[in-house]
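There are 2 protein chains.
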Amino acid sequence: MNGAQALLRTMVDAGITACFTNPGTSEMHFVAALDSVPEMRAVLAAFEGVATGAADGYARMSDSPGATLLHLGAGLGNGLANLHNARRAKVPIINIVGDHATYHRQYDAQLQSDIETVARNVSTWVRTSSETEAVARDTVDAIQAAVGPPGQVATLILPADVSWNEGAQPLQAPPHAAPPSPSAEKVDEVARALRGGGRSAILLGGRALREPSLFAAARVSAATGAKLLVEVFPTRLERGRGLPAGERLAYIPELAAVQLDGLKHLVLVDAKAPVSFFAYPGKRSYLVPGGCEVHELAAPSDDVGGALEALVDALDAQTMGIARQPPSRPTVPTGRLNAEKACDVIGAVLPEGAIVSDESLTSGVTLPASTAGAPPHDWLTLTGGAIGQGLPVAVGAALACPDRPVFALEADGSSLYTIQSLWTMAREQLNVTVVIFNNRSYAILNMELARVGAQTAGPRAKEQLDLGRPDVDFVAIGNGFGVPSRRVDTAEEMIDALRRATAEPGPHLIEALVPPMFTPLQLRAMPHALRVLGILPRPLAAAIKRRLSP
Amino acid sequence: MNGAQALLRTMVDAGITACFTNPGTSEMHFVAALDSVPEMRAVLAAFEGVATGAADGYARMSDSPGATLLHLGAGLGNGLANLHNARRAKVPIINIVGDHATYHRQYDAQLQSDIETVARNVSTWVRTSSETEAVARDTVDAIQAAVGPPGQVATLILPADVSWNEGAQPLQAPPHAAPPSPSAEKVDEVARALRGGGRSAILLGGRALREPSLFAAARVSAATGAKLLVEVFPTRLERGRGLPAGERLAYIPELAAVQLDGLKHLVLVDAKAPVSFFAYPGKRSYLVPGGCEVHELAAPSDDVGGALEALVDALDAQTMGIARQPPSRPTVPTGRLNAEKACDVIGAVLPEGAIVSDESLTSGVTLPASTAGAPPHDWLTLTGGAIGQGLPVAVGAALACPDRPVFALEADGSSLYTIQSLWTMAREQLNVTVVIFNNRSYAILNMELARVGAQTAGPRAKEQLDLGRPDVDFVAIGNGFGVPSRRVDTAEEMIDALRRATAEPGPHLIEALVPPMFTPLQLRAMPHALRVLGILPRPLAAAIKRRLSP
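Protein sequences appear in the order of chains Y and B. In short: position in the first sequence from 1, add 17, done, that's my numbering. In short: position in the second sequence from 1, add 17, done, that's my numbering.
Only true hints are included.
Here are the simulated distance ranges between beta carbons:
(1) 476/Y with 229/B: 40 to 46 Å
(2) 131/B with 151/Y: 25 to 31 Å
(3) 279/B with 486/Y: 55 to 61 Å
(4) 290/Y with 52/B: 35 to 41 Å
(5) 541/B with 186/Y: 26 to 32 Å
(6) 513/B with 541/Y: 47 to 53 Å
(7) 368/Y with 541/B: 48 to 54 Å
(8) 475/B with 486/Y: 44 to 50 Å
Note that these hints are calculated values from the structure, not bench results. A virtual CB, placed ideally from N, CA and C, is assigned to each residue, including glycine.
One chain only, chain Y, in its complex shape:
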């Protein structure tokens, strides 16, 4: 068999059976090989950012690596932003990047560039396969690197002749090695710290946000009084009615500081010590309060679930009663929509087993509260901050879980980066309901403009944050890509549209017209309000914080 066939066979034998593709000439033998390896499902994207984000969403929901097929350095570049998000999500991804034939490189033809330099930005593991006989071995190494833990982005560059030459054989990937457990000393240290009195919190991230770990952490919390915190942008958070509910760290650092205020011990479980998303003039970047001791119970490379279980054992907390999220649904709103009402509508109808890909940014500020008591569901977020992730992640999640309803909750500006996702949703008839919160602006940047102290901004600056002129007609665009689309501007219409969308198979798009979440006056007041928050007594500040970002 040729190199491409051996690569595909090796992937399929390792359980990797989906690949998100945007091929070019140098990948034609990979494409041709698809017919001889029918177990591999190739899902075509009309833009590489869709392919990489879909691979991420697929991996988040299937717990198996996501794979992509990309065309040289330019194709990898187009996919880079969502690979960045996958890297930050610690999600296993294997990129197959086609390259010119090895003997063609010396001629520096038009499409040639140094692919490895681009790949390094996101990939822990990068290799250029140099001969056909080695392709299967390279593929096995890529899979092992990607799987981790932690999950990583591995990029295998496949020159066209290495792909088309004969003489390759598939290889069996070895079973994944079990990740290390934390030492008994580490577990004891954490148990002592949590038992020792003083305010403490457990910050859960990565794989610690899945059901078994959440229950273990809740037992620890019940036994010690430690607060359960959830990292600001979870890869995949299992939540809803009946599940232990952590408090998600706020995006705005002043609010996160209130959540962390007064802590003596912070225990990290597959999470980083919290830092500000951006730097702001005169503000601290590192958010752990002075005097707080940080303990890393489990690093991302560790057996995260095992570490939490060991801590439960050390605390004799196996039978502790735990706090579970009570069932609740928001009161169904009526009348003219705004962002808060739209969030309540979603909370009112969210079905059991839903997967939510959340890139709603400012419009979704109240979403966590609106959906907290909904039936159990998964919440996937913008892990790396590179917008344009939500729609592709929904594509991948829907392919991984064809029997579950997927919701892509999108800010208007963010959706445009990878709007071509709609075409793949239509092509594959995925059960995705896309909600575009259309406030006709980069609303988050209006907030950030005020926050970074650039309040003196004039009309030319503000124009850079305005997505009106012309207003984007998402219904037309959705229909243009083959997704039945509808515009709503009342709560009643939105409920009706959501019910119809989830009742019918295939994708649907709902454009929800909402004003920006914050008025200009609120934006101007925000820096001052946040400053005040920092000097208020703790209970008052916490109460305000809960109102601002529940």
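Position chain B relative to chain Y; hints supplied.
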């Protein structure tokens, strides 16, 4: 003033007065500074690939560097493909890439990545500005690097605090140094070679495709009998009625080989010795025939026009009569459209002074012939092979030349990579007529699939090249982005649509429904036909080549 203000002022003082932007939080002070430097026009894009491609198109038509504002590594990644095209086009581009504040980097926040590694893929010059006092100096260095010649991509990474801190002063960029002239020996060597008998050709690329150089080259051709060749993907080719017309090298290497066959001397002027775009199993990559001597009259870093003038002098050819393209228009076609008729329609109506951004790929195979005798116009092509360039380049060209009609001739698949360009066209009310040749497939890949010898491809492979299922409705998408759009499927409708589009100000989109340029039978026969071409007697092969790709 702060760093951002000094940077903008330095750029404006150097004559750089347009910047294509997609900012985020770390660029908010740059955005805020726009109001204090009103000479800088900031053009917002809804996706970074639009911004980088527009900067390229702007630079091609303004002969001044194109500038972008991008958001960290992810934003640069999204813009990378079109920066690759700009690099290959030898077009001067200055990227300003915002980064986290210098003191924030140690915390490895979500959006952080190694920006320089991404930048190096496309940039000859990369620097991270490390202090506010140095920003203006860094900006001057970036401008000098970008201007060249040859034009290059320069990337200046601007940390947020370097941007927002006070204490910067603008700097005056020094005048550009004159590029070196070729030595008298080199000119004599070329003159001797061309006079010495034997078949010879002059291959013009880069800046040698502008009017003065074309006239000089035509005199050399008239004096020596050397054939005038044009590189396969010109950055900016001035052509049409009354101008000297070179023969553009074919994309398909077997056809290019016929054009180069039998040459004894090939003179390069701001061009590379021709190589195959891709490698194909068993085919040569280097297309210069054995026994042909290659002479580089002027490298891209040289005074290209001066070199050609020196050659004219050396040949005493100053007063030679030259061959000019006679005026001609295709016969206006009628009836059901196909790609060839659509090209003839364009040739029939192309107005004087038009700028054509050509990314029509297979559908545009006959475009060069259909437009050869049209009134003088500029032709901009896909210089680096990274598709998704045509629409953004049209955006930039229209901003650089507001009084000239711009045509973006697009393959359906290619247009989708940067379809968000339509929004900027609508926002800025640019005089761009977009023609989408919609054949509902990646037709060029169907050709390449046959060409790379993967003829055994089955249905799953072919599905990867199919853009139907669902058909993209470009009229809906165009309207959705605010561009008045219309579908045509007869020649008469297309003429009417083109006339209306050029008569009204602002952008228009015409979706031209055409079957793929090559039938499946032709695709299967192509490799054999091309093989035969190589063994035919030269005049017969040349005649066939002219029919296949005029």
